[in-house]
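> The primary structure of each chain is shown beneath.
2 protein chains.
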Amino acid sequence: MRDKVNLPETFDTFSDHWAPRIVAEYNGNDIRIVKVDGEFVWHSHEDTDDFFLVLDGLLDIELRDRTVTLGPGEVFVVPRGVEHRPVARHGEVKMINIEPSGTHNVGEGSPQSAAVAI
Amino acid sequence: MRDKVNLPETFDTFSDHWAPRIVAEYNGNDIRIVKVDGEFVWHSHEDTDDFFLVLDGLLDIELRDRTVTLGPGEVFVVPRGVEHRPVARHGEVKMINIEPSGTHNVGEGSPQSAAVAI
Numbered sequence: 001m002r003d004k005v006n007l008p009e010t011f012d013t014f015s016d017h018w019a020p021r022i023v024a025e026y027n028g029n030d031i032r033i034v035k036v037d038g039e040f041v042w043h044s045h046e047d048t049d050d051f052f053l054v055l056d057g058l059l060d061i062e063l064r065d066r067t068v069t070l071g072p073g074e075v076f077v078v079p080r081g082v083e084h085r086p087v088a089r090h091g092e093v094k095m096i097n098i099e100p101s102g103t104h105n106v107g108e109g110s111p112q113s114a115a116v117a118i
Numbered sequence: 001m002r003d004k005v006n007l008p009e010t011f012d013t014f015s016d017h018w019a020p021r022i023v024a025e026y027n028g029n030d031i032r033i034v035k036v037d038g039e040f041v042w043h044s045h046e047d048t049d050d051f052f053l054v055l056d057g058l059l060d061i062e063l064r065d066r067t068v069t070l071g072p073g074e075v076f077v078v079p080r081g082v083e084h085r086p087v088a089r090h091g092e093v094k095m096i097n098i099e100p101s102g103t104h105n106v107g108e109g110s111p112q113s114a115a116v117a118i
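Those sequence lines, one after another, are chains X and R. UniProt numbering puts the first residue of the first sequence at 1, with every later residue one more than the last. UniProt numbering puts the first residue of the second sequence at 1, with every later residue one more than the last.
Chain X on its own, in the form it takes in the complex:
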């Protein structure tokens, strides 16, 4: 059984962006924390929803027909198959993300590294 994890303390242990850390596992999913800044790429996940909970900062989740802006304490789920692009336009964003264990941010062969366990 994993010990509890303190999220603020864990955020203090890293500074790289778009490089998630796995803080817990739940039924084959990774609960990940990540710092992001600037633009990600347009992508979609065919086999999984994409869960976002912003803890600090402002995150735009661009959809093809609108933009959903999340502030601290705001939750949004991009359903599977829906194209989206996360963009942090106003400085660093800290957030929680959930993905099935082993999922890469934008699929196999992407330049993004896989999430790493803390």
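Honestly, I wouldn't trust all of these hints.
Given that identical chains are not distinguished, each listed pair holds provided it fits within a single copy or across any two copies.
[Unchecked claim] Subject to a maximum C-alpha distance of 20 Å in a straight line, what follows is the list of computed SDA-like cross-link-like pairs (lysine to any residue):
(1) K94 to G71
(2) K94 to N6
(3) K94 to D56
(4) K35 to D65
(5) K4 to G57
(6) K35 to R2
(7) K4 to L58
(8) K4 to D49
(9) K4 to E83
(10) K35 to A117
(11) K35 to F11
(12) K94 to E39
(13) K4 to S44
(14) K94 to P8
(15) K94 to P72
(16) K94 to G73
(17) K94 to L55
(18) K4 to P72
(19) K35 to E46
(20) K35 to F14
(21) K35 to G73
(22) K35 to T10
Rather than coming from a laboratory, the hints here were simulated on the basis of the structure.
Chain X is fixed; fit chain R onto it per the hints.
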């Protein structure tokens, strides 16, 4: 597609304890927020892990051999099949919990109501 949900604003809409509200769905799981106070009952889930993220207050998760105390920003997962009892000894606790959609807190026939969508 569901709209985003603001967690602090949603917490302000209810005051009952041990009565989760579903704020999002992710791959067949409910992301729930709940206010708790006092003792719950000993229980385990045979088919699912139990995810806790405390947002406010102090929550004791009693296990048979030890107690894990979670404060704000702390995450803990009780693996499936492990007996546990959540206890808020020091006043109200606000937290996020994840369970497979349709799961009751302590199984079928329990006095706890199922989670309701907001």
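> Decide, hint by hint, whether the structure agrees.
Tested hints:
no.	hint	in the structure
1	K94 to G71	both (10 Å within a copy, 19 Å between copies)
2	K94 to N6	both (14 Å within a copy, 16 Å between copies)
3	K94 to D56	both (5 Å within a copy, 18 Å between copies)
4	K35 to D65	neither (26 Å within a copy, 36 Å between copies)
5	K4 to G57	between (25 Å within a copy, 16 Å between copies)
6	K35 to R2	neither (23 Å within a copy, 24 Å between copies)
7	K4 to L58	between (27 Å within a copy, 13 Å between copies)
8	K4 to D49	between (25 Å within a copy, 14 Å between copies)
9	K4 to E83	between (34 Å within a copy, 17 Å between copies)
10	K35 to A117	within (15 Å within a copy, 30 Å between copies)
11	K35 to F11	within (8 Å within a copy, 26 Å between copies)
12	K94 to E39	within (14 Å within a copy, 33 Å between copies)
13	K4 to S44	between (31 Å within a copy, 18 Å between copies)
14	K94 to P8	both (10 Å within a copy, 17 Å between copies)
15	K94 to P72	both (9 Å within a copy, 16 Å between copies)
16	K94 to G73	both (11 Å within a copy, 13 Å between copies)
17	K94 to L55	both (5 Å within a copy, 15 Å between copies)
18	K4 to P72	between (22 Å within a copy, 12 Å between copies)
19	K35 to E46	neither (24 Å within a copy, 34 Å between copies)
20	K35 to F14	within (9 Å within a copy, 32 Å between copies)
21	K35 to G73	both (15 Å within a copy, 16 Å between copies)
22	K35 to T10	within (11 Å within a copy, 25 Å between copies)
In this structure, the earlier hints numbered 4, 6, 19 are contradicted, and the remaining ones agree with it.
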